[in-house]
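Just so you know, the protein sequences line up as chains A and B, in that order.
The numbering of the first sequence is numbering that gives the first Met the number 0, which starts it at 0 and goes up by one.
The numbering of the second sequence is numbering that gives the first Met the number 0, which starts it at 0 and goes up by one.
Hints are not guaranteed to be accurate.
[Stated by the list, open to error] Straight-line Cα separation of at most 20 Å, EDC-like style, residue types lysine to aspartate or glutamate; simulated pairs:
1. B:Lys754 / B:Asp422
2. B:Lys403 / B:Asp422
3. B:Lys406 / A:Asp28
4. B:Lys403 / A:Glu21
5. B:Lys403 / A:Asp113
6. A:Lys29 / B:Glu292
7. A:Lys27 / B:Asp871
8. B:Lys492 / B:Asp422
9. A:Lys54 / B:Glu847
10. A:Lys54 / B:Glu603
11. A:Lys65 / B:Glu183
12. B:Lys406 / A:Glu50
13. B:Lys626 / B:Glu603
It should be emphasised that the hints constitute simulated quantities derived from the structure, not laboratory data.
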Amino acid sequence: MEKIQKCSCGSDEEGLLERLEEIIISFKDKPGALIPVLQATQSLFGFIPEEAILKISEMLNEPLSKVYGVITFYSFFSLKPRGQFLIRVCLGTACYVQGANEVLTALKQQLSIDIGETSADKLFTLDVGRCFGACGLAPIIMVNEEVHQWVKPSDVKKILNTYKKQKASTKEEINQEEIS
Amino acid sequence: MQIKLNNRLYEAQEGETVLDVAKRNGIYIPTLCYHAKTGQAAKCRACIVAVDGMRGFQTSCNLKVREGMTISSESKEVTDAQRMVVDLMLSSGHHNCLACERSGTCELQDACYHLGIEKTTFSDHPTGIKDESSEFIVIDYDKCIQCGRCVTACNHTVVNEVLGFGFRGLQTTIMCDDQIPMGESSCVQCGECVQLCPTGALTDKKSRGKGRYAELDKVDTTCPYCGVGCQLTLHVDREKNAVVRVTGREVWPNNGMLCVKGRYGYEFHASPKRLQYPTIRRNGKHERVTWDEALDFIADRIKTTVDKHGPDVFSALGSGRITNENNYAIQKFTRAVIKTNNIDHCARTCHAPTVAGLAHAFGSGAATNSIDEILETDVIFVIGSNMTEAHPVVSYYVKQAAQKGSKLIVCDPRRVDIAHWSDLYVQLKVGTDVPFLNGLMNEILKNGWQDETFMNNNTENPEDMKAWVKDFTVEKASAICGVPVETMLLVAKMLGEAKKVSVIYCLGITEHVSGTDNVKTIANLQMILGHLGKRGGGVNPLRGQNNVQGACDMGALPNVFHNYQSVTNEKIIEKMEKDWGVSGLSRKEGYKLPTMLHKATTGETKILFCVGDNTVQTEPNTAKTIKEIEALDFLVVVDIFPNMTTEYADVILPDVCFNEDEGTYSNLDRRVQFLRKAVTAPGEARPTWWIMQELGKRFGVDLKFTSTNATWEDMRKTGTIMGGITYERIQNLGLQWPCPTVQHPGTPVLHLNGKFTRGKGLFSQTNYRPQAELPDAEYPFVLSTGRRLWHYHTGTQTRNSVGLENIFPEELLEISPADAKMMNVKTGDMVKATSRRGTITVKAWVTERSPEGVVWCAFHFREAHANVLTNDAYDNVTETPEYKACAIKIEKVSDGVKVMERGFRQARP
Ligand code: SF4
Ligand code: SF4
Ligand code: SF4
Ligand code: FES
Ligand code: FES
Chain A
0 MEKIQKCSCG SDEEGLLERL EEIIISFKDK PGALIPVLQA TQSLFGFIPE
50 EAILKISEML NEPLSKVYGV ITFYSFFSLK PRGQFLIRVC LGTACYVQGA
100 NEVLTALKQQ LSIDIGETSA DKLFTLDVGR CFGACGLAPI IMVNEEVHQW
150 VKPSDVKKIL NTYKKQKAST KEEINQEEIS
Chain B
0 MQIKLNNRLY EAQEGETVLD VAKRNGIYIP TLCYHAKTGQ AAKCRACIVA
50 VDGMRGFQTS CNLKVREGMT ISSESKEVTD AQRMVVDLML SSGHHNCLAC
100 ERSGTCELQD ACYHLGIEKT TFSDHPTGIK DESSEFIVID YDKCIQCGRC
150 VTACNHTVVN EVLGFGFRGL QTTIMCDDQI PMGESSCVQC GECVQLCPTG
200 ALTDKKSRGK GRYAELDKVD TTCPYCGVGC QLTLHVDREK NAVVRVTGRE
250 VWPNNGMLCV KGRYGYEFHA SPKRLQYPTI RRNGKHERVT WDEALDFIAD
300 RIKTTVDKHG PDVFSALGSG RITNENNYAI QKFTRAVIKT NNIDHCARTC
350 HAPTVAGLAH AFGSGAATNS IDEILETDVI FVIGSNMTEA HPVVSYYVKQ
400 AAQKGSKLIV CDPRRVDIAH WSDLYVQLKV GTDVPFLNGL MNEILKNGWQ
450 DETFMNNNTE NPEDMKAWVK DFTVEKASAI CGVPVETMLL VAKMLGEAKK
500 VSVIYCLGIT EHVSGTDNVK TIANLQMILG HLGKRGGGVN PLRGQNNVQG
550 ACDMGALPNV FHNYQSVTNE KIIEKMEKDW GVSGLSRKEG YKLPTMLHKA
600 TTGETKILFC VGDNTVQTEP NTAKTIKEIE ALDFLVVVDI FPNMTTEYAD
650 VILPDVCFNE DEGTYSNLDR RVQFLRKAVT APGEARPTWW IMQELGKRFG
700 VDLKFTSTNA TWEDMRKTGT IMGGITYERI QNLGLQWPCP TVQHPGTPVL
750 HLNGKFTRGK GLFSQTNYRP QAELPDAEYP FVLSTGRRLW HYHTGTQTRN
800 SVGLENIFPE ELLEISPADA KMMNVKTGDM VKATSRRGTI TVKAWVTERS
850 PEGVVWCAFH FREAHANVLT NDAYDNVTET PEYKACAIKI EKVSDGVKVM
900 ERGFRQARP
């Protein structure tokens with residue numbers, strides 16, 4: 000499991016743990032507090048660090064295994080830091096046949112990371128998925144909510160560059176509906 | 000009603016399931032997730048049946064019967080479907096029965112056997128993933144069928160809340176905490192999950208390859224560790240004379256649940272360190288002698304000394320760890336042969352204030368209610384008990400009750416683990432129980448929350464009581480005990496408005512200079528509230544050792560014969576003289592344990608006959624105890640292991656242990672339970688009753704201890720409250736005293752309907768008495784002491800069993816984070832703890848369990864044990880030492896290795 004990392008820029012992410020405590024306190028005595036607290040944690044850190052799991056379990060008085068069970072049940076929650084942009088490569092049959100694996104290899108090389116990992120600059124997280132339901136456009140990759148179609152390995156660098164420039168300002172807001 | 004199952008009619012009761020009816024009538028339906036204790040999970044679908052008029056198949060484990068229901072569990076259609084379910088289950092793991100521990104008792108194997116499945120028709124999916132990180136438990140993920148029993152058990156029977164399901168779909172898996180290895184998790188290794196797992200997915204590590212269930216003899220007996228008196232089954236390899244595995248019996252008081260000591264601390268009987276032969280010290284060395292030599296020598300020394308100085312120079316100690324029969328034997332020997340009442344035992348160091356305080360208030364010095372009633376109460380008021388460690392199985396019930404909605408109030412200076420499950424945790428200062436409770440009573444009376452009828456009808460002096468606590472306002476109390484006024488008001492309200500309150504307390508109440516007063520104050524509280532003499536209420540002390548209740552019951556006390564018959568009552572004395580066939584029994588009360596020892600230094604105690612006590616390590620202020628022991632003329636120690644006390648003995652006699660003889664223990668709710676012989680004792684070890692019989696002969700007295708049963712029968716003849724308990728009656732289940740006649744069914748609830756043993760309940764006035772040694776500038780910390788989950792007494796049993804010591808290998812001094820910071824101490828650092836009486840060097844454990852200014856450690860490890868430091872100040876009524884409070888100072892010695900800590904809910908760092 001991942002822990003909080005001290006940022007090289009000097010800003011201490013542990014300060015976020017105090018914010019988390021405040022959040023937990025605000026939810027504490029409401030029934031079903033666990034999921035909203037986890038959502039808030041996810042958006043606060045971009046993932047759910049081990050320290051947060053321990054804190055949530057302790058403060059909400061819920062068994063660790065329950066907290067962890069909920070985190071791993073919903074794909075919205077992530078136990079590893081997620082980059083600002085989540086790249087998901089479709090490995091469904093159509094995309095696979097059209098060369099999705101080569102695209103994936105190119106992405107791995109460009110970002111020097113493996114599936115499930117996040118690039119050193121914390122911009123990109125690489126993930127794979129099954130059929131996105133747009134086989135006509137195969138192979139496709141999704142970057143956050145944007146679809147890129149008929150991707151060739153040689154396109155990868157360009158696509159990444161557009162996102163690198165796009166200094167996305169705020170971290171995405173969590174969508175309550177998505178999980179409840 | 001009637002239902003039709005496989006074309007035959009069966010009687011069924013409203014509320015029963017189809018499975019219940021089938022089981023009752025010996026019809027096998029495969030079940031893999033259902034278990035009586037974890038309930039109907041309706042998860043595995045192995046138990047499916049077809050019901051006329053219902054679509055598809057139904058799971059019989061949660062299908063309620065209806066009049067006229069027609070069910071088939073054996074048609075081809077149904078068994079084909081069952082077969083498919085089990086087949087798929089097999090294929091989703093990897094089941095190789097050849098070397099599986101559970102082969103023969105595995106419920107999956109049973110299902111395959113009944114359904115005729117030889118192997119899965121699909122390909123199976125071995126992953127080879129095993130978790131062997133835990134000391135005692137192995138998880139073989141390939142054999143997990145995800146029935147969920149272990150998860151339910153861990154969360155809802157023992158309520159340790161470790162196991163859960165993680166991930167989803169095909170990835171779903173059981174896991175500990177946040178999917179960390181079991182050995183690193185908060186698992187307390189109670190083994191409940193192992194016991195309930197239907198397959199070989201969870202097994203006992205130590206038993207691997209040592210014998211399958213069917214090959215071993217099963218011996219039902221009682222746990223030798225704590226006062227809960229769990230019923231367990233020893234799985235014995237007779238040829239090797241070894242216990243191979245322990246399982247819990249699903250009967251009261253523990254309903255199959257055990258703790259780590261009871262389930263996994265079983266090898267000590269076979270330790271090569273056991274005492275095996277009588278020895279006499281000659282020229283500073285212990286030499287092996289025959290029993291005759293040893294006994295002649297002892298008899299001779301006693302005779303010459305007593306002839307010269309009178310019987311009172313002889314003192315004897317029974318023990319809360321040995322059987323009733325053996326305690327009875329020692330006290331009878333002491334009284335009938337030596338003619339002194341100088342007999343005592345370690346209840347002196349723990350619950351003597353309970354015996355005295357409750358006898359004073361109610362007429363009977365034991366727990367008023369039973370363990371199972373915890374589940375029937377509204378408010379559980381726990382004070383001074385670290386139950387998750389010292390009485391784990393009681394804590395399971397308390398946690399279950401809390402989960403089901405009973406309110407739980409935990410009062411303790413330390414944030415003991417049970418506080419995690421409480422609705423309200425009240426942190427009071429060490430030793431301020433009397434003002435705290437008096438403040439509560441003042442508030443209860445002020446608001447009219449008392450049970451006026453109960454007070455008027457069932458107590459002797461209600462008006463006095465009201466007058467006494469009148470001035471004890473919550474404000475005054477709060478100033479002393481440090482609990483905020485609002486919290487006190489809240490507690491008073493919760494107690495005052497509850498329909499039923501059960502008070503549970505332990506040594507945090509008794510081991511103080513005000514011990515007896517503390518107990519009396521609790522009695523006052525329950526008499527005001529009127530929660531006595533009914534189910535779910537009561538004053539319930541958790542007796543510490545396996546048989547400390549029994550040692551009291553047997554009269555190993557200086558003021559009473561067995562069954563609490565006074566040694567100063569002429570009628571009773573005459574009865575004993577007549578039955579025992581002796582004359583001239585002592586008419587005066589004997590010395591209490593501390594007095595016995597103290598009088599050694601003045602020459603008034605010359606001989607100490609000590610059975611199973613390990614006095615040197617268990618009495619406070621070890622340096623002083625050693626001086627006293629050294630001052631004795633003659634010390635005989637009967638025990639199963641060499642210990643700190645045997646080192647000073649003139650004669651050492653080897654005793655048998657709990658599974659080497661039969662006998663009985665009385666547990667903390669007065670339940671007399673049976674022990675069976677499972678293995679043979681090493682060398683020439685002999686039971687204490689035999690030793691006493693043989694010694695008696697040498698004084699010309701036949702004590703009538705010809706067998707264990709004969710000893711018990713001898714007790715019964717002159718016994719009262721236990722007179723109706725025979726071996727025959729308790730073969731399967733224990734009986735709770737009072738049980739005066741062989742027809743009597745036993746007494747789960749004392750003082751029923753407020754009819755107290757002494758007639759009416761008696762209120763006693765109590766006032767605040769501070770601890771004897773308060774912290775000061777030189778010794779700024781309060782040291783409190785107690786027991787750990789992983790160990791028992793002076794460690795002779797737990798440290799000689801395999802594994803417990805790996806989990807908790809050495810004593811740790813618990814220090815609050817604030818104090819630790821001030822002294823720059825981290826967990827694992829070496830510190831020196833010093834009181835006015837001695838110094839120990841221990842590792843520190845920085846933990847939020849300790850409040851600022853209070854540190855804590857236990858007495859299990861002779862290398863560094865609390866009693867070097869503890870204060871020999873005593874409760875004035877019972878001479879129980881103040882183990883729970885003395886003043887110490889702490890210095891850091893050196894840095895330790897950094898220890899990874901995951902925080903709370905753990906009995907170890
Ligand atoms: S480990 Fe055993 S009890 Fe637990 S889910 Fe798996 S098969 Fe069931
Ligand atoms: S041994 Fe006890 S605490 Fe540990 S996982 Fe099993 S049931 Fe839970
Ligand atoms: S709770 Fe007590 S009696 Fe039960 S198994 Fe543990 S030590 Fe033995
Ligand atoms: S296979 Fe990629 S979108 Fe369907
Ligand atoms: S036993 Fe009925 S569904 Fe598992």
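Right, here's what the structure says about each hint:
1. B:Lys754 / B:Asp422: Between Lys754 (chain B) and Asp422 (chain B) the Cα gap is close to 32 Å, so the pair fails against 20 Å, i.e. violated.
2. B:Lys403 / B:Asp422: holds, 12 Å
3. B:Lys406 / A:Asp28: Satisfied, since the Cα-Cα distance of roughly 16 Å is no more than 20 Å.
4. B:Lys403 / A:Glu21: violated, 29 Å
5. B:Lys403 / A:Asp113: Judged against 20 Å, a Cα distance of about 47 Å means the pair is violated.
6. A:Lys29 / B:Glu292: violated, 74 Å
7. A:Lys27 / B:Asp871: violated, 46 Å
8. B:Lys492 / B:Asp422: holds, 13 Å
9. A:Lys54 / B:Glu847: Cα-Cα ~14 Å, so holds.
10. A:Lys54 / B:Glu603: violated, 60 Å
11. A:Lys65 / B:Glu183: holds, 17 Å
12. B:Lys406 / A:Glu50: violated, 30 Å
13. B:Lys626 / B:Glu603: OK: Lys626 (chain B) and Glu603 (chain B) at ~15 Å, within 20 Å.
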